[in-house]
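Engineer: Each chain, letter by letter, is given below.
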Amino acid sequence: MDLSYFSGHEAEIAGYLWEHVQITLITLAIATAIAVPIGTIVARVPLLYAPVMAILGAIYTIPSLALLALLVPYFGFGLVPAAAALVAYAQFILVRNVAVGIRGVDPTIVDAARGMGMGSWRILFQIEYPLALPVILAGLRIAAVATIAIATVAAIDDVPDLGRMLFDGVNESNPSEILAGVIVVSALAIVVDIILRVVDRRLPATRARIG
Amino acid sequence: MNREELWKRTPFTRRRMLRAGMVAAIAISVAAYGSTSSASGLKASGPTINVADKQFTESYLVADMYQDLLQAHGIPTQRHSFGTSDLAQAAILKGTIDLYPEYTGTGLTDILKLPAISNASKAYNKVKTLYQKKFHLTWLAQSPFNDTNGVGLTKATADKYHIKTMSQLAKASSNLTFVGLAECKARPDCLAGMQKVYHVKFKKFIPTSSTAINYQYLLSGRADASEVFTTDPQIAHDNLVVPTDNLGLFPADHVAPVIRDSALKAYPQIKSILNKLAPLLTTTTMRQLNAKVDIGHQDHATVAKNFLKSHGLLK
Amino acid sequence: MPAIAFEGVTKVFGDRAAREGRPAAVRDVTLEVEQGELIVLLGPSGCGKTTMMRMVNRLIEPTSGSIYVDGQEIHQVPATQLRRHIGYVIQQVGLFPHMTVAANVATVPRLLGWDKKRIEARVDELLEMVALPPGDFRKRYPRQLSGGQQQRVGIARAMAADPAVLLMDEPFGAIDAITRRDLQNQLIAIQQRISKTIIFVTHDTEEALRLADRIAVMRDGQVLQYDRPFNILTDPANDFVAALLNTTDVLQILSLVRVDTLMQNHAPSDGLLTIDAGQNARTALSMLVANGADELAVTDHGKPVGVITLSAILHEAARRGVPTEAGA
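If you're matching them up, the sequences are chains Z, H and X in order. First residue of the first sequence: 36, per my numbering; consecutive thereafter. First residue of the second sequence: 16, per my numbering; consecutive thereafter. First residue of the third sequence: -11, per my numbering; consecutive thereafter.
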């Protein structure tokens, strides 16, 4: 394992890593903010599930290069269209998990809540979302890892993230750089996955289920 | 407040705190993003010139030189980077970037979708005229080095079959295996063109996915000839022979700065600044500089700066 | 004023188009529940008893007719507000698994904006009432409780805001027979202490007879008979009611007859087995048969107040029972 690229390039790698972290955070925040309402609506109206998932699935299959090119007239270049594309891809995973999570909430619990005089919004935020959260978070974990991976492609669109190390390594025939890039991307994905697992363990719904 | 009490708060409050934390993290990210992207400039006055590269060694080196020279003359710059010609072209048309190094051959075939021209000045003039008319983009002076397709042979193979020109290669081709990028097979400036113009009949064509692999095949002897680009560092480094293109098949592909008319108007001095650089980039020079980065693993920004310093263009 | 009043209440499920020609789940029911009464809606699956109950707190909206709680038609206030003043207990319990027992019980008081101290005190009070020591159970999560314990929390939760009315939909249906009896006893004890108005739905005849002040026997959306258990057993309205409640089982009738209504008011002889005055005649009969005795001493709070004889019980049974043909 040729780890020689790490010495002497610490600042460069740190820069790419920070860019990668930023684009991932921004993407996941926006993607979640969009997916939760969509997933909630889809959960409430079962008829919408199939068509919505079909559309999101179709978007997911658009190759990232093509999608970035498509977004140029609307978002230009750089971080914004890259994040927009990543947000679009993440919907396929997140919306499904939001819908499944909410639908997985025991309907008798919701019935009890209604019968006790809780209004619909209160039930949604105090009962359904907390109970759906483990499933939603599992979706977020998957979406996070996928985003970190796909975000490497953004390097070709003026986003100086870890993907640059992979592309440069290939172009300059520098296997050490490629390896370094792969290691850092993987490490980032692993760290994010671990963090989200820890968060999951702390959720009220999870603690109530398994202590 | 200890952790137990903290967790006893209503779920609503906890979620609000989580949300607030996330918003803060994103806000910091976005704010920091703005500041990390700008280049360190000298005294900035006037509009910033956005310089781009196309994410390969040669392009990095030339774009670095453009940027260094502009900065040295007090023009503020910011650097961008695009992995494909299409993106770079779209960016310069949109105004996201103002200047980047482009190749006359690429401009003709990939952007203007016209047939390639092997005569260097003819190619340059055509692309310069059309770019001005269609895109309001100016081509400044081109450099002597030609980064175009070619065939590479080890000295041993070249000597064995007495190959100095492409026609001589064609005569010996039935004894030779040829390795190249998969796309080479059908390209008029690669295998398909070689078959048409030189009547090559290689024993076997091995398609690959990267130039690195091509060189591996060539140097290990698994292939006798390889698709090469004429400024590849391996040619100098491994003492390879590139037969002359006697029938003028391979397109002229010389680099020149392509700049938006509006940017040139803002800083007319850019023309003279970059035209001073142009003649210095010869084929030999480019092969050497590429070798320093690809094989010597030196940092391209440093290599570019040292080159400019050694030629007195930078202090 | 009755606590709950149904006036010509009908429910047909489905939208207007679907309703054409469809049988009603509840058909033109008029019925009153007095304050502090525990009435049982009894009937087979599909008779409309659950639908009836769920119309009181508007989880199901009536198709026609009116329902009054404490004199006010239930559509005069928003549904959520109505529900916060009606206790609701369901068979599956429906405890919120991500909240502690204390948080569960505190749900409606929190909705009503009680202050923290008042809520805390109330939670402790209720957990005591359902025999779950607060110190032990406040911080537990539902998954850590047995089925019976969970339903006790469910009852505590339903009573938290001290509603005048409780709706209970087969609350002990999912619980084992032994624990069920225990919970029934607890409910009886609670009811004796604080007299809530309760609508209790069940298909279990024995449970109905044990708990009800009055039973509404339902079938196909209609109330066939609405009376005290004893009256239904001794005078069923039709064959269906008779069969459902097994009215020919005279021992069952005896179980509704208090010992002190059959006793003779003279001092008992020495050496007799004793039975409390509040016990029922079936239990007395059982004791007499098991011990081969003719009479038992009746006590009230431990003091002898009379004597009950085997012949008195048999006489009562003969009086109430339905004679069967010889050889049947």
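Simulated from the structure, these hints should not be mistaken for lab results. Yeah, the Cβ is synthetic: ideal placement off N, Cα and C, and Gly gets one too. You may find that some hints are simply not true.
[Unchecked claim] Quick list of the computed label-pair ranges, beta carbon to beta carbon:
id: 1; chain 1: Z; residue 1: V226; chain 2: X; residue 2: R169; range: 52 to 60 Å
id: 2; chain 1: H; residue 1: D125; chain 2: Z; residue 2: E47; range: 51 to 59 Å
id: 3; chain 1: Z; residue 1: I229; chain 2: X; residue 2: T(-2); range: 36 to 44 Å
id: 4; chain 1: Z; residue 1: D141; chain 2: X; residue 2: E116; range: 40 to 48 Å
id: 5; chain 1: Z; residue 1: D141; chain 2: X; residue 2: Q64; range: 44 to 52 Å
id: 6; chain 1: X; residue 1: R216; chain 2: Z; residue 2: R237; range: 51 to 59 Å
id: 7; chain 1: Z; residue 1: P86; chain 2: H; residue 2: D125; range: 35 to 43 Å
[What the hints assert, rightly or not] To be clear about the criterion: a stretch of chain Z counts as covered by chain H if any three or more of its residues have a C-beta under 8 Å from a C-beta of chain H, and this derived list gives those stretches:
id: 8; region: 70 to 79
id: 9; region: 137 to 150
id: 10; region: 184 to 192
Engineer: All the hints need checking, so say for each whether the structure fits it.
Structural biologist: Against the structure, the hints:
Distance hint check for Z/V226 and X/R169: the Cβ-Cβ separation is about 56 Å, which falls inside the suggested range of 52 to 60 Å. Between H/D125 and Z/E47, the C-beta spacing of about 30 Å breaks the proposed range 51 to 59 Å. The supplied range of 36 to 44 Å is broken by Z/I229 and X/T(-2), whose beta-carbon atoms lie about 59 Å from each other. Our hint of 40 to 48 Å for Z/D141 and X/E116 is violated, since their Cβ atoms are close to 28 Å apart.
Restraint check, Z/D141 to X/Q64: a C-beta distance of roughly 32 Å breaks the suggested window 44 to 52 Å. Between X/R216 and Z/R237 the C-beta distance comes to about 55 Å, which sits within the given range of 51 to 59 Å. Between Z/P86 and H/D125 the CB atoms are about 39 Å apart, so this pair conforms to the stated range of 35 to 43 Å. Counting residues of the region 70 to 79 of chain Z whose C-beta lies closer than 8 Å to any C-beta of chain H gives 0; at least three are required, and the coverage claim is violated.
Counting residues of the region 137 to 150 of chain Z whose CB falls under 8 Å from any CB of chain H gives 0; the rule of at least 3 is not met. Check on the region 184 to 192 of chain Z: 3 of its residues sit with their Cβ under 8 Å from a Cβ of chain H, so the three-residue criterion for coverage holds.
In summary, the numbered hints that this structure violates are 2, 3, 4, 5, 8, 9.
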